[in-house]
Each structure stands twice: as C-alpha cells, then as structure tokens.
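Those protein sequences? They're chains A and B, same order as listed.
Note that the first sequence covers residues 250 to 416 in this note's numbering.
Note that the second sequence covers residues 5 to 107 in this note's numbering.
It should be emphasised that the hints constitute simulated quantities derived from the structure, not laboratory data.
Note that the structure is a prediction, hence the values are computed from the model and not measured.
Treat the hints with caution; some may be incorrect.
Which residues of chain B face chain A? A few of them, derived with a C-beta cut under 10 Å, are [to be verified]:
id : residue
1  : Y11
2  : G22
3  : G25
4  : L36
5  : F50
6  : I51
7  : V69
8  : I73
9  : D100
10 : V104
Pairs of lysine to any residue residues, derived as SDA-like cross-links and limited to a Cα-Cα distance of at most 20 Å, are as follows [as the list claims (entries may be wrong)]:
id : chain 1 : residue 1 : chain 2 : residue 2
11 : A       : K384      : B       : T64
12 : A       : K384      : A       : I401
13 : A       : K384      : B       : L86
14 : A       : K384      : B       : L99
15 : A       : K384      : A       : F299
16 : A       : K384      : B       : F71
17 : A       : K384      : B       : F10
18 : A       : K384      : A       : L405
19 : A       : K384      : A       : A398
Covered, in the sense of this in silico footprint (three residues per stretch, anywhere, with C-beta under 8 Å from a C-beta of chain B), are these stretches of chain A [stated by the list, open to error]:
id : segment
20 : 254-263
21 : 278-288
22 : 306-318
23 : 371-380
Backbone N, C-alpha and C fix where the C-beta goes; we use that ideal spot for every residue, glycine too.
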Amino acid sequence: MTWSFAILAALTLASAVAAMTLRNLVHCALMLMVTLAGLAAVYLQLGAQFVGFAQILIYIGAVAILIVFAILLTRGSEPPRQSIFSAGWVYGVAIAVAVFGLLSGVILSSQAVTHELRPPPEATVRQIGIELMGKFILPLEVIGLLLTAALIGAVLIAMREKEGKTA
Amino acid sequence: MTPLPFYLLLSASLFAIGLAGALTRRNAILVLIGIELMLNAANLNFIAFWRYGPNPSALTGVIFVIFSIGVAAAEAAVGLALIISIYRHYRTTNLDQINVMKG
Chain A
250 MTWSFAILAA
260 LTLASAVAAM
270 TLRNLVHCAL
280 MLMVTLAGLA
290 AVYLQLGAQF
300 VGFAQILIYI
310 GAVAILIVFA
320 ILLTRGSEPP
330 RQSIFSAGWV
340 YGVAIAVAVF
350 GLLSGVILSS
360 QAVTHELRPP
370 PEATVRQIGI
380 ELMGKFILPL
390 EVIGLLLTAA
400 LIGAVLIAMR
410 EKEGKTA
Chain B
5 MTPLPFYLLL
15 SASLFAIGLA
25 GALTRRNAIL
35 VLIGIELMLN
45 AANLNFIAFW
55 RYGPNPSALT
65 GVIFVIFSIG
75 VAAAEAAVGL
85 ALIISIYRHY
95 RTTNLDQINV
105 MKG
C-alpha cells in the first residue's frame, strides 16, 4: 500500500462520513464534493484518466451543483430543530455494518482476488473514443435517449403547476 | 502499487457509509447523496477490477463506468426534481412527515 493511496482513502472516507453526519445540508454537499474529488484522484491513480476527468466534470461540476440548488430551493440550508437522524437509526447503522462485514469478509477470503501486479494498461482517450463509436455505439445512443428523456421528465416534474388545472 | 483488496475495501467502506446515510437520515436530499455515494463505490469496483483484471486492453470496465456516470446523472436530475415537487406540495423534505400517498 502506497502513501498516496492511504492519504486519498483516508480523505475520501472521512469526507464521506462527514457528508452523512453533518447537520447543515450545505456543508454535507461540500463534503460530498471532497469525496467525489478523492474518488477522481483514485481513478487517476489506477490509470483511468478519462474516467477521472469525467468524474470531476459530471459529478463535481453538475451533480453536486444540482444538489446545492435543490438544498437552497427547499430551504434545507436552515439547520433542523429536531434530530437529523430518523427514529430507527440504530437498525440502519446495524444493516450497514452487517453489509460491510459481509463484503470485507468475502473480499479478504476470496481466491479470485489477484495479488499479482501487471503493467498498467493503456486507456487513451483515442482508444476510448474508437470503442465508443465502434463496439459500444448502440449503448451510447441508448444513453443519449435516456438522458434526453430524463431531463425532459425532470423539467416537467419540477415545473410549477398552474392554479386549478394540472400541468 | 497498491494491491487490489485495498481498493475493494475502500469501495466496500464507501458503500456502507452511503447505505447507513440513506437508511438513517431524515432529509430526502441526504438520502439521495447516500445513493450517489453507493453508485460511486460500484464505479470504483469497476475501475479496480479493470486495472487488475486479466484483459485490461478490452476497456470494458472504463466504458461501463462512463455509462454508469451518465445514468447516475439522469437519476440525480429526476430525483432532485421529485424532491422539489414534493417540497412544493408538503412544504418539507423531512421523510418522516411525508407519510401520505394520495393525490
């Protein structure tokens, strides 16, 4: 384990815990941005440059900003008076701990997880573009259609309803 | 270079943190943030297995993560639109108070 990975993992996990436990929702969104940036750095470390920069552009640039807008539009920036956790939070934490225990047990005992190191694979933007336009052209078109439909649907759902009649 | 199990353990921890947040927080937006964390944990697994897999030149892991990021962006847009619509109706995003399902 290298130092850079240890620092990145600690930063990512600490900011993820902070994003889930802080009281002010705007602080939670900012901590989410730190988590996503840490993950992008881990992608870069693993040799997936295109995915790392796409993560920064899409998640930090678009999704996190969208979440901040939603927080401000719903007046979530005012800290709540009551507890931020729901009544049955003990069960939720217990389920999460059980899932983590199961996953880590399987990971540590698996024979399929290789420990050998191979030379880093080449994943240039040129190769990814050729693959996207060749072998994966149908999924690319489908995801374009999905994004169009989802964004039109989002606008329609969030549009203000007219008085007396449904939009 | 870091061995593969460390990346998988990081991904499992992120998934567990996101799951705990999605199950315990009262605010609907925080539940959505938890779901985003879980999706990102899955993406990290894809990239790690692609890097350490037997055939990394196939680029399957990278392409899958690119599509996964696209689907997650669509999910976030629709989810936040629903939350804004619910807020307009109930004047709250507290999930404990949104317990009526009729129009």
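Hint by hint, here is what the structure shows:
no.	hint	verdict
1	Y11	holds, 7 Å
2	G22	holds, 7 Å
3	G25	holds, 3 Å
4	L36	holds, 7 Å
5	F50	holds, 9 Å
6	I51	holds, 5 Å
7	V69	holds, 5 Å
8	I73	holds, 5 Å
9	D100	holds, 6 Å
10	V104	violated, 17 Å
11	K384(A) to T64(B)	holds, 10 Å
12	K384(A) to I401(A)	violated, 28 Å
13	K384(A) to L86(B)	violated, 35 Å
14	K384(A) to L99(B)	violated, 43 Å
15	K384(A) to F299(A)	holds, 18 Å
16	K384(A) to F71(B)	holds, 14 Å
17	K384(A) to F10(B)	violated, 32 Å
18	K384(A) to L405(A)	violated, 34 Å
19	K384(A) to A398(A)	violated, 24 Å
20	254-263	holds (count 4)
21	278-288	holds (count 5)
22	306-318	holds (count 7)
23	371-380	holds (count 5)
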